[in-house]
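Asker: Required output: the full structure, derived from the provided sequences and hints.
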Amino acid sequence: MRKIAVMMALCLAVTASAAPFKKVLGQNFPVVKSKDLATGQEIDTSKILAQEKVKGVVVFYTSIRCPVVHAYEERINAMAEKYKDVVPFIGLNANSSENEEAVTAYNKEKYKFQSAIDAGSATAKEIGASCTPEFYLLDKTGKVVYHGPFDDNQDASQIEKHLLSVAIEALLNSKPIPAEEAEMPAFGCSISFPKK
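So the sequence shown is numbered by the working numbering: it starts at 6 and just counts up by one.
It is worth saying that the hints were derived from the structure and are not from the lab. Each hint should be verified, as a subset may be incorrect.
[Unchecked claim] In silico lysine to aspartate or glutamate, EDC-like type, Cα no more than 20 Å apart, as pairs:
{"#": "1", "residue 1": "Lys28", "residue 2": "Glu186"}
{"#": "2", "residue 1": "Lys200", "residue 2": "Glu105"}
{"#": "3", "residue 1": "Lys117", "residue 2": "Glu86"}
{"#": "4", "residue 1": "Lys89", "residue 2": "Glu165"}
{"#": "5", "residue 1": "Lys58", "residue 2": "Glu174"}
{"#": "6", "residue 1": "Lys28", "residue 2": "Asp49"}
{"#": "7", "residue 1": "Lys38", "residue 2": "Asp144"}
{"#": "8", "residue 1": "Lys148", "residue 2": "Glu186"}
{"#": "9", "residue 1": "Lys200", "residue 2": "Glu131"}
{"#": "10", "residue 1": "Lys115", "residue 2": "Glu105"}
{"#": "11", "residue 1": "Lys148", "residue 2": "Asp49"}
{"#": "12", "residue 1": "Lys166", "residue 2": "Glu79"}
Since this is a predicted model, take the numbers as computed values, not measurements.
Answerer: Here's what the structure looks like:
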């Protein structure tokens with residue numbers, strides 16, 4: 006628990022310039038409507054959640070420049086592959102400082118799941134996302150049932166709490182996600198929002 010507190014403090018320090026942590030547990034996540042960067046096919050979270058076999062969706066904010074995101078790519082791909090039929094993953098890039106061509110090339114090479122540009126950082130602003138990677142697990146109705154980091158340590162050899170994995174398993178087994186682990190600040194790099 007001490008380690009999580011330290012990581013939360015780090016996130017707050019890193020993202021202090023972007024926005025304060027926003028609690029959104031139980032709220033509806035904005036419907037994501039975009040095009041998959043790898044295939045050009047439509048991404049629509051409302052349609053994905055309407056599929057009978059799908060029990061939820063993971064939406065997370067990503068970056069092509071953030072070293073914390075880079076440290077997690079292998080773990081994210083592995084989990085996305087494990088749950089692809091029942092809880093698909095969608096990576097959104099909301100960084101105004103990262104151009105679409107570079108993001109498309111990077112995501113095609115690195116990700117094994119759908120990814121898209123969050124145009125104008127619209128969903129990130131609406132939901133209050135502040136850093137990358139920041140994860141939101143949505144239930145069948147589109148409500149946020151988990152919000153926070155992937156796990157409790159960027160160093161894979163030092164993980165003590167598999168936070169997102171535990172949340173997904175709880176969702177799939179119709180069990181409550183422990184309240185103290187259902188929502189906490191993620192840790193990583195600040196999202197670069199468009200300047201007004």
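Asker: Now tell me if each hint is right for this structure.
Answerer: These are the hints, each one checked on the structure:
1. Restraint check for Lys28 and Glu186: satisfied, since their Cα atoms lie roughly 13 Å apart, inside the 20 Å limit.
2. Of the supplied pair hints, the one linking Lys200 and Glu105 holds, its CA atoms being roughly 17 Å apart against a limit of 20 Å.
3. For the proposed pair Lys117 and Glu86, the alpha carbon gap of about 7 Å is at most 20 Å, so the pair holds.
4. This hinted pair does not check out: Lys89 and Glu165 have alpha carbons roughly 24 Å apart, beyond 20 Å.
5. Proximity of Lys58 to Glu174 is assessed by CA-CA distance (about 15 Å); at most 20 Å being required, the pair is judged to hold.
6. Annotation: proposed proximity of Lys28 to Asp49 is violated, straight-line Cα distance about 24 Å (limit 20 Å).
7. Distance check on the hinted pair: Lys38 and Asp144 sit about 17 Å apart at the alpha-carbon level, within 20 Å; holds.
8. Distance check on the hinted pair: Lys148 and Glu186 sit about 16 Å apart at the alpha-carbon level, within 20 Å; holds.
9. Between Lys200 and Glu131 the CA atoms are separated by roughly 16 Å; this keeps the pair inside 20 Å, and the hint holds.
10. With a C-alpha separation of about 15 Å, the suggested pairing of Lys115 with Glu105 holds against the 20 Å cut-off.
11. Taking the CA atoms of Lys148 and Asp49, the gap is near 15 Å; set against the 20 Å cutoff, the hint holds.
12. The suggested pairing of Lys166 with Glu79 holds, with an alpha-carbon distance near 17 Å, which does not exceed 20 Å.
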